[in-house]
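I would like the entire structure built from these sequences, with the hints used as guidance.
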Amino acid sequence: MIYKVISKSEFTAFIDAIVKANNAYGPRRVDSDRNGEPIYKFMPVASADEIAFDYTATHFSAKQFFLPFREELSHFSFDEQDNWEQHIRYEAPPTLLFGLRPCDISAVNILDDVMLRGPYPSPYYLARRRNTFIIGMDHLPLPDCFCKSMNRHTVSHGFNLFCSDIGDSYYLSINSSKAFTFLKEFELRNPTPEDDCLLIERRKLIKQSFLTNIEVTGLPLFLDIEFDSPIWEKWGDKCLNCGTCAMVCPTCYCYSVEENFDIDLKGSSRHNRLYSCNLVDFAEVAGGHNFRPRNGDRLKYRYYHHYRGFSANDNQQICVGCNRCGRACLAGINPKDVINDLRLERETCKTGDSPSPNRT
Amino acid sequence: MQDGRFTLPEQDLNREPFAHRPPDFRQKSEVMITDRGYKCRITNIVPLSVHERLFQLRIVDPAERELFRFRPGQFLMLEVPGYGEAPISISSSTSNREFIELCIRQAGHVTSALFEAQPGALVSIRGPFGTSFPMESMQGGDVLLVAGGLGIAPLRAPLYWINDHRDHYRDVRFLYGAKQPSELLFTYQFDEWKTVSHIDLHAIVERPDENWKGRTGMITALLDDIAIDPENTWAIVCGPPLMFKFACSHLDGIGIPMNRMFVSLERRMHCGMGKCCRCMVGSTFTCLDGPVFDYWSVINLKEAI
Chain A
1 MIYKVISKSE
11 FTAFIDAIVK
21 ANNAYGPRRV
31 DSDRNGEPIY
41 KFMPVASADE
51 IAFDYTATHF
61 SAKQFFLPFR
71 EELSHFSFDE
81 QDNWEQHIRY
91 EAPPTLLFGL
101 RPCDISAVNI
111 LDDVMLRGPY
121 PSPYYLARRR
131 NTFIIGMDHL
141 PLPDCFCKSM
151 NRHTVSHGFN
161 LFCSDIGDSY
171 YLSINSSKAF
181 TFLKEFELRN
191 PTPEDDCLLI
201 ERRKLIKQSF
211 LTNIEVTGLP
221 LFLDIEFDSP
231 IWEKWGDKCL
241 NCGTCAMVCP
251 TCYCYSVEEN
261 FDIDLKGSSR
271 HNRLYSCNLV
281 DFAEVAGGHN
291 FRPRNGDRLK
301 YRYYHHYRGF
311 SANDNQQICV
321 GCNRCGRACL
331 AGINPKDVIN
341 DLRLERETCK
351 TGDSPSPNRT
Chain B
361 MQDGRFTLPE
371 QDLNREPFAH
381 RPPDFRQKSE
391 VMITDRGYKC
401 RITNIVPLSV
411 HERLFQLRIV
421 DPAERELFRF
431 RPGQFLMLEV
441 PGYGEAPISI
451 SSSTSNREFI
461 ELCIRQAGHV
471 TSALFEAQPG
481 ALVSIRGPFG
491 TSFPMESMQG
501 GDVLLVAGGL
511 GIAPLRAPLY
521 WINDHRDHYR
531 DVRFLYGAKQ
541 PSELLFTYQF
551 DEWKTVSHID
561 LHAIVERPDE
571 NWKGRTGMIT
581 ALLDDIAIDP
591 ENTWAIVCGP
601 PLMFKFACSH
611 LDGIGIPMNR
621 MFVSLERRMH
631 CGMGKCCRCM
641 VGSTFTCLDG
651 PVFDYWSVIN
661 LKEAI
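Just so you know, the protein sequences line up as chains A and B, in that order.
Start counting the first sequence at 1; every next residue gets the next number (the numbering used here).
Start counting the second sequence at 361; every next residue gets the next number (the numbering used here).
Hints are computed from structural coordinates only; laboratory data are not their basis.
One thing to keep in mind: the hints can contain errors.
[Said to hold, decoys possible] Restricting the straight-line Cα-Cα distance to at most 27 Å, the calculated cross-link-like pairs of lysine-lysine (BS3-like) are:
no. : chain 1 : residue 1 : chain 2 : residue 2
1   : A       : LYS234    : B       : LYS662
2   : B       : LYS399    : A       : LYS266
3   : A       : LYS207    : A       : LYS148
[Said to hold, decoys possible] Not the full set, but computed from the structure, chain B residues with beta-carbon under 7 Å of chain A:
no. : residue
4   : THR367
5   : ASP395
6   : ARG396
7   : GLY444
8   : GLY468
9   : MET578
10  : CYS636
Note that the coordinates shown come from a computational prediction; the quantities given were computed from them, not determined experimentally.
Even glycine gets a Cβ: it sits at the ideal position worked out from N, Cα and C.
Next comes the structure, spelled out in structure tokens:
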């Protein structure tokens, strides 16, 4: 990693140049919510003027660039003799993503673990990942962000360039030769001790700005022993099974594979579609048996996946603490409340006899 | 106005050099085209009961046929182009390298489409996927196979394996239960298994008809009939979820160690490669860590049966 400092005006010129030369996406204000607060979304950008440099957080994560909602896996073309040929393409044009937050980049790193490790790495994902240039930016957390609790408020890899705002300039962490080559054309300076101090101050400020904290240590154990807790029933009764949380989540990657005939009936395409474990038929098998028939079972499964982790990624927790699901949930379910409820249940539990202090 | 100096180059991954080679499913470390299937021709269709048929497939390309090797208990993804994919356990002998046999029940829209097919139709398979029964470890011991209904499908491969290596195993017992006599599958092979393979076969039905001469009741009743030596017995259980529960706890009560009891779980896999999470049991994948689990994993994992 190489560290450089760039003035804000020069930085804008740099962003303008690379945005113009590439297929670029960045945060743009697309609408206002009912309180007049801006709504941001990663959209195609043609110049630096269109980018909202001071955006707070997007409703949708950057997952859509790596795991599109719908993606063709293979195509079958039928011929006259009832024969068919299978065609597989995994192509991704070079894409530039600007303005990802540390939690978003962490989410991409987690997806890397899930999609690229193990016996069957996904070539579709790999094509997109290799062809995506990521510029990250730090930000002051929103009141309901809890990425510090998940230890995802900083990120050390998985991006090409990361910029921290230090007053009148940006402190750049350059993590790829491509980014370094681009920056050669612009006026950079080496960080002075004052710049380093400013960066550390900035880090401290961000760290202290978190208003929401969730205690996640020991959570895998709690999730295991609370598997039959009435808490899941309670929150499950609120859940509408709409799957919104999974759509906005930066790390939810579960999908279904579907196949449809082309409209001319001369072929068919098999595609995957992002799915949500909260949807009713997620665990249904042939013959109609559903392994998770109740709302609570499905809600629990999502929390189980996010905070306990699955064997596919070494049982690490995949939640990054962006609270997009909490903000988007129509029923007002957010991870903070569910986890606090779960902890409360466990920590206030009493047995008839007080535990023996004898540790022999 | 595009400035070429700032344009990202296209990464060469887009066309892998091995893209034209057939995938080698044993070589798991390299990136491969996991969605490419082997083209198969349906060579024969044998009706087994009202809802189940045995499909015999032959991989068209000889090179791919040579590549396709599987172990007893593994499954494959069967694709009916235009309709989709379904996970099907392989019911043929591992030593039969020419044909693949799949025992399929008409249940969903993929299998319904398949039931419309005539011999000669072309389908595609991906795989094999998943874990298998540890047939080598069972050598020298008794083997007890317990199947309920369609649960015989994944057990047919171990039965063939035992037939091929009969002298490696001591007493082999096969208990098979179904709701009605008409739902007993592969009855035409019972005599062959009894006399040629020397497998002690017992069948039981819940609702007998007038021609039924065998036992009547639940499959656990058969377990009481036979003498099991728990020290040297390996058990394989496959059937509907409720049957697992009763059969496994019964065998557990007899004293068969948990790590010698194997079950084959059923989930609706969509990818077969441990990505889509549709087949998760607790925190493990049925397609990667299963479908064959030992009984300890089953009781250890949440919501397994």
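Now for the hints, and whether the structure bears them out:
no.	hint	result
1	LYS234/A to LYS662/B	holds, 20 Å
2	LYS399/B to LYS266/A	holds, 18 Å
3	LYS207/A to LYS148/A	holds, 7 Å
4	THR367	holds, 5 Å
5	ASP395	holds, 5 Å
6	ARG396	holds, 6 Å
7	GLY444	holds, 4 Å
8	GLY468	holds, 5 Å
9	MET578	violated, 19 Å
10	CYS636	holds, 5 Å
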